[in-house]
Amino acid sequence: MKREVLDSEYEQIIVYLRSIGVNKQKVQAEMADHLLIVTELYMDKGADFYTAFQQAKKEIKKKDLVEISQNASSFKGYPKFLGKRFLIILSAISLLIFMTGLIMKYQHIPHHRIVIVVGRRLTSVVFLPLLLLHNFTERANRLKIVLNFIFQFVFFQTIADYLLHWKLNPYFSFTTLGIGLIWLVLYQLVPWLHSQKSSIN
Amino acid sequence: MYSKELLKGTIEVLILKLLTDHTRMYGYEITQKVKELTSEKILISEGALYSSLHKLEATGVLDTESVMMGKRPRVYYSLTKNGVTIAAEKIAELSSFVKSLNDVMDFKITIA
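For the protein sequence lines, the chains are A and B, in the order given.
Using our numbering, you'd call the opening residue of the first sequence number -5 and step up by one each time.
Using our numbering, you'd call the opening residue of the second sequence number 258 and step up by one each time.
By construction, these hints were calculated from the structure, which means they are not laboratory data.
Watch out, some of these pointers could steer you wrong.
Said to hold, decoys possible - Derived pair list, reagent style SDA-like, types lysine to any residue, alpha-carbon separation capped at 25 Å:
1. A/K18 <-> A/F75
2. B/K356 <-> B/L294
3. B/K347 <-> A/L127
4. A/K39 <-> B/E262
5. B/K261 <-> B/S296
6. A/K57 <-> A/Q22
7. A/K20 <-> A/I54
8. B/K338 <-> B/I268
9. B/K328 <-> A/K99
10. A/K20 <-> B/L294
11. A/K51 <-> B/G327
12. A/K52 <-> B/E322
13. B/K290 <-> B/F354
14. A/K57 <-> B/E262
15. A/K56 <-> B/K347
16. A/K52 <-> B/F364
17. A/K99 <-> A/F121
18. A/K51 <-> B/M282
19. A/K18 <-> B/A315
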């Protein structure tokens, strides 16, 4: 005889998913449904809920569930406004700042170095990585890839600047901090706000 | 069962083809349909299936609808307007690829 999972048993599936970090409402519901169907299939064969659920968990591994959840966040977390139009505007701004710095230098206007460094850094650690990401066809784990790339790049560049005893170290530190904050906002804060909004809905 | 390497790149097309033939489907239903149609030769893992579905949804190819099955929600996937065009292109591309592959390998198979 076919026995359906009770509400309290369904709640156990949800608790399990929460315990392994599958918290996004939609993905959680989807994974719960999948686990539920597999569990019910084992129950149809005569197993009690606990045994059936253990079998379902063996079939759909924890690692896969976590990965599905992370990938789903990664796909949806990528800010949509970072498209082609944004990149064109950003490249124009970077170039404009850099050119302004060069003009300031030849006009002997003070603080031209700051403007040149900002222009160069904007191009190398903001525009170029974004351009690279824009061309990725596979969008899962973009967050991980971009953060690794940026922080490694900025870290090694800062060390190199320090070892070379560049006079511009304070400017580099300042721009590194600024760029770090931009990435933090783009890849942590925006997706987080987005997920909070989704959870409320 | 075929190797992961062979299946890589075809899972999305399989999903698109199934959703072309059926108005809407949910995750488990897709895996079972593929299993049934291929006499259990193609088994799509949950990881590969949902990653593909979520990617296609994020890129605007698929749309989702949450339907209550009693007290429990079930997420159904369907093709968007843009997705219908993309699905047709991807299916045609894969079909052409298999034909070309056949020209080289001489499998002696006929593809519609």
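Do the hints match the structure? See the list:
1. Our distance criterion of 25 Å between C-alpha atoms is met by A/K18 and A/F75, whose separation comes to about 22 Å.
2. With a CA separation close to 20 Å, the supplied pair B/K356 and B/L294 stays within the 25 Å bound.
3. Taken as a hint, the B/K347 and A/L127 pair is honoured in the structure, with Cα atoms around 23 Å apart against an allowance of 25 Å.
4. A hinted pair counts as satisfied when its Cα atoms are at most 25 Å apart, and A/K39 with B/E262 does not qualify at roughly 34 Å.
5. With a CA separation close to 17 Å, the supplied pair B/K261 and B/S296 stays within the 25 Å bound.
6. Between A/K57 and A/Q22 the CA atoms are separated by roughly 14 Å; this keeps the pair inside 25 Å, and the hint holds.
7. Restraint check: the Cα-Cα separation between A/K20 and A/I54 comes to about 18 Å, which is no more than 25 Å; the hinted pair holds.
8. Restraint check: the Cα-Cα separation between B/K338 and B/I268 comes to about 20 Å, which is no more than 25 Å; the hinted pair holds.
9. The straight-line distance between the Cα atoms of B/K328 and A/K99 is roughly 69 Å, outside the 25 Å bound, and the hint therefore fails.
10. Our distance criterion of 25 Å between C-alpha atoms is broken by A/K20 and B/L294, whose separation comes to about 29 Å.
11. Taken as a hint, the A/K51 and B/G327 pair is honoured in the structure, with Cα atoms around 23 Å apart against an allowance of 25 Å.
12. Straight-line distance between C-alpha atoms of A/K52 and B/E322 comes to about 28 Å, which puts the hinted pair past the 25 Å bound.
13. Annotation: proposed proximity of B/K290 to B/F354 holds, straight-line Cα distance about 23 Å (limit 25 Å).
14. The hinted pair formed by A/K57 and B/E262 meets the criterion: a straight-line CA distance of about 20 Å does not exceed 25 Å.
15. Under the criterion of a C-alpha separation no larger than 25 Å, the hint pairing A/K56 with B/K347 is inconsistent with the structure, at around 32 Å.
16. At roughly 38 Å between alpha-carbon atoms, A/K52 and B/F364 are farther apart than 25 Å, so this suggested pair is violated.
17. Annotation: proposed proximity of A/K99 to A/F121 holds, straight-line Cα distance about 23 Å (limit 25 Å).
18. Straight-line distance between C-alpha atoms of A/K51 and B/M282 comes to about 23 Å, which keeps the hinted pair within the 25 Å bound.
19. This hinted pair checks out: A/K18 and B/A315 have alpha carbons roughly 15 Å apart, not beyond 25 Å.
Comparing the model with each numbered hint stated earlier shows that hints 4, 9, 10, 12, 15, 16 do not hold.
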